[in-house]
Amino acid sequence: MKLSENILMAAKNLKNNKVRSLLTMLGVIIGVAAVIVMVSLGEGAKKQITDSISAMGSNLLIVNAGRGGMRGGGHATSEPLTNKIIEVITKGSSHIERIAPRLQKSKLVKYGEISLRTRIVGCTTSFPAVRNYQIAQGDFFSEADLSGRRRVAVIGAYIAEELYSGANPVGLELKIGKMRLKVIGVLAEKGQSNFGNSDDLVLIPLTTAQRRLFGTTTLSDISVQVSRAEAMEQVNRELEEALLAELQDETKFRVRNQAELLSTVEGTTQTFTFLLAGIAAVSLLVGGIGIMNIMLVSVTERIREIGIRKAIGAGQEEILGLFLLEAIMLSLAGGIIGVILGCLVAKLVASFSGLMTVLTMPSIVLSFLFSVMIGLFFGVYPAYKAAGLDPIEALRHE
Amino acid sequence: MLIIKNLSKSYQMGEQQVTALAAVSLQIARGEMVAIMGPSGSGKSTLMNMIGCLDQPTGGRLFLNQAEVNQLREKEKAQLRNREIGFVFQSFNLLPRLTAWQNVELPMIYAGVKPKERLQRAKETLELMGLGPRIDHRPKELSGGQQQRVAIARALVNRPNLLLADEPTGNLDSHSSREIMAVFQDLNQKGLTVVLVTHEEEIAAYAKRVIRFLDGRIVSDQKIQQKALTKEVEP
Ligand SMILES: Nc1ncnc2c1ncn2[C@@H]1O[C@H](COP(=O)(O)OP(=O)(O)OP(=O)(O)O)[C@@H](O)[C@H]1O
Ligand SMILES: [Mg+2]
Numbered sequence: 001m002k003l004s005e006n007i008l009m010a011a012k013n014l015k016n017n018k019v020r021s022l023l024t025m026l027g028v029i030i031g032v033a034a035v036i037v038m039v040s041l042g043e044g045a046k047k048q049i050t051d052s053i054s055a056m057g058s059n060l061l062i063v064n065a066g067r068g069g070m071r072g073g074g075h076a077t078s079e080p081l082t083n084k085i086i087e088v089i090t091k092g093s094s095h096i097e098r099i100a101p102r103l104q105k106s107k108l109v110k111y112g113e114i115s116l117r118t119r120i121v122g123c124t125t126s127f128p129a130v131r132n133y134q135i136a137q138g139d140f141f142s143e144a145d146l147s148g149r150r151r152v153a154v155i156g157a158y159i160a161e162e163l164y165s166g167a168n169p170v171g172l173e174l175k176i177g178k179m180r181l182k183v184i185g186v187l188a189e190k191g192q193s194n195f196g197n198s199d200d201l202v203l204i205p206l207t208t209a210q211r212r213l214f215g216t217t218t219l220s221d222i223s224v225q226v227s228r229a230e231a232m233e234q235v236n237r238e239l240e241e242a243l244l245a246e247l248q249d250e251t252k253f254r255v256r257n258q259a260e261l262l263s264t265v266e267g268t269t270q271t272f273t274f275l276l277a278g279i280a281a282v283s284l285l286v287g288g289i290g291i292m293n294i295m296l297v298s299v300t301e302r303i304r305e306i307g308i309r310k311a312i313g314a315g316q317e318e319i320l321g322l323f324l325l326e327a328i329m330l331s332l333a334g335g336i337i338g339v340i341l342g343c344l345v346a347k348l349v350a351s352f353s354g355l356m357t358v359l360t361m362p363s364i365v366l367s368f369l370f371s372v373m374i375g376l377f378f379g380v381y382p383a384y385k386a387a388g389l390d391p392i393e394a395l396r397h398e
Numbered sequence: 001m002l003i004i005k006n007l008s009k010s011y012q013m014g015e016q017q018v019t020a021l022a023a024v025s026l027q028i029a030r031g032e033m034v035a036i037m038g039p040s041g042s043g044k045s046t047l048m049n050m051i052g053c054l055d056q057p058t059g060g061r062l063f064l065n066q067a068e069v070n071q072l073r074e075k076e077k078a079q080l081r082n083r084e085i086g087f088v089f090q091s092f093n094l095l096p097r098l099t100a101w102q103n104v105e106l107p108m109i110y111a112g113v114k115p116k117e118r119l120q121r122a123k124e125t126l127e128l129m130g131l132g133p134r135i136d137h138r139p140k141e142l143s144g145g146q147q148q149r150v151a152i153a154r155a156l157v158n159r160p161n162l163l164l165a166d167e168p169t170g171n172l173d174s175h176s177s178r179e180i181m182a183v184f185q186d187l188n189q190k191g192l193t194v195v196l197v198t199h200e201e202e203i204a205a206y207a208k209r210v211i212r213f214l215d216g217r218i219v220s221d222q223k224i225q226q227k228a229l230t231k232e233v234e235p
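Just so you know, the protein sequences line up as chains A and B, in that order. For the first sequence, the numbering used here begins at 1 and goes up steadily by one. For the second sequence, the numbering used here begins at 1 and goes up steadily by one.
Calculated directly from the structure, the hints in this document are not laboratory data. Quick caveat, the model's predicted, so the values are computed rather than measured. Ideal Cβ positions, reconstructed from N, Cα and C, are used throughout, including at glycine. It is possible that part of the hints are untrue.
Looking from chain B toward chain A, a few residues come up when the C-beta cut is under 10 Å (computed) [unchecked claim]:
hint : residue
1    : S45
2    : C53
3    : K75
4    : G86
5    : Q102
6    : L106
7    : I109
Given only the sequences and the hints, what does the whole structure look like? Please build it.
Following this line, the structure appears as structure tokens:
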């Protein structure tokens, strides 16, 4: 008997037994889809956590004045952090991505009749990138604004809401103390973080803040974004050395890093990796058992058929071939449909429930291969055993 | 055609040993038409299954066309079942999802017959059985007699030399039974060796020789005057 005849016969068998074929395929489909969806949910949760952590700004070192310098904030001469330090830091290490110096003070801001107290942050153009702020409306200030000490402001979402009551503030006026500024942009909402309300602030060019508003050349702190997480320790060390060389006093400055935060993140992602592996293993097991059950039931039901075929002259290989071909067709079709369905469901879950889902290639490949293998094994093994029986044994099977 | 020497079959049922067939010896020549009779449980089906290479004896020897069946490999036995022997079961054993002609086609697929010829021969054989208009029906759309005729067509379509039928008329009324027997007599006339099991004396009377079993042994074996039937198959 030729292979093509057997393929034809297998296809005919599947077509003639639509319900059984669908049920069997359903086992594989659900097995594959379940694993893909479960793992994508797990990966999504993992991503959500790392995202929210990196939203605070990742790989950050913060340089601020130490105890020796901060005492008695009024004595401007004792403030160690001046614009000169920016250069020292820039040259201090080769793994620095961006630097964001900052001068911040609390002040009253006003628009029309409404006024409120907020943080005024004098900063450079790198601030949004370092601290992960997005611009919702208008623009951030430019280098020209910075060098020209222009009276422009970018306001936080909270200020926009409170002061301008939801109207577009871009182009409108803002008063900080007595100074009039033009609002040129609004930051996207970030929400509550561990460090207070990050939408309750007003950004102005650092030069404007230093010269025009506060009359100082000092900085509150300098955020340093390190290019790679692994270089954090090294950059930390290098900066401490450079600053010590410059200021000659280690009590005048302090370099804080996110080591603590980072180790928390690492701990969390590790836990999640284990959790994910667990989810995948359990879903694979459950899916596999489902496929196994349906395959076993369907083959057992067909032992009589095997008996009949043998009685009229089918050889062992011909029967094995038939069942193998049927199992291949069903498992492959089921596996492919399962992958498509699983990806679709993961997308749908993401768009309808707000849960984040992330599809990963390994989960798709693994679930597909595993389910197809299970489908093949349990589709063929019982048939292999039945094909070895004397026809009369198979025929007696109920 | 068929030589059986001290053939026996026993089943181990826990502690107890059940003897289905006790050292049966028998010869059947080409062209014979034999009816096997005996009470229920006397070992008739056991013998038929072993002649049909569907089951294995626990002792003795069985020669089919000079070849000892027990010495054959699985593949050769499958070939014997496919080409030399046609087996008709009491319970038809048709594949329920296939149509009449597809059921009849099966043995030819395993014999490697070309698709075109398969359809042709399946049709011819079904027509011979009076089932011309029914070739596209599935088994459950056919009466018991019609199903049995499909099963006989399947048994005959590879032109075997030996037809084995285990109570082929057991599920049929007397009219259908006579039709089936007429077909068997006709085929026997054309040279086919026929061995059939039956409980009914009336059916056995259509054979040329009657063998009676009791408790796994042959108790009588005699040639009889065959009662002839004229073929009057209706669709
Ligand atoms: N699979 C089996 N396991 C155990 N005993 C069996 C088995 N098959 C048959 N037997 C026993 O073998 C004996 C002969 O059975 P067999 O089917 O040959 O009888 P039979 O003459 O065909 O009867 P009937 O007229 O009812 O079909 C019986 O006693 C039966 O119980
Ligand atoms: Mg019987």
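Taking the hints in turn, this is what the structure says about them:
1. About 9 Å separates the beta-carbon of S45 (chain B) from the nearest beta-carbon of chain A, less than 10 Å, and the hint is met.
2. Annotation: interface hint on C53 (chain B) holds; nearest CB of chain A at approximately 8 Å, less than 10 Å.
3. This hint holds: K75 (chain B) has a C-beta 6 Å from the nearest C-beta of chain A, less than the 10 Å allowed.
4. At a threshold of 10 Å, the smallest CB-CB gap from G86 (chain B) to chain A is about 9 Å, leaving the interface hint in force.
5. Given hint, Q102 (chain B) at the interface with chain A, holds; its Cβ is 8 Å from that chain's nearest Cβ, closer than 10 Å.
6. Interface restraint check for L106 (chain B): the shortest CB-CB distance to chain A comes to about 6 Å, inside 10 Å, so the restraint holds.
7. Hint on I109 (chain B) holds. Least Cβ distance to chain A is approximately 6 Å, under the 10 Å limit.
The structure fails none of the hints (numbered hints given earlier).
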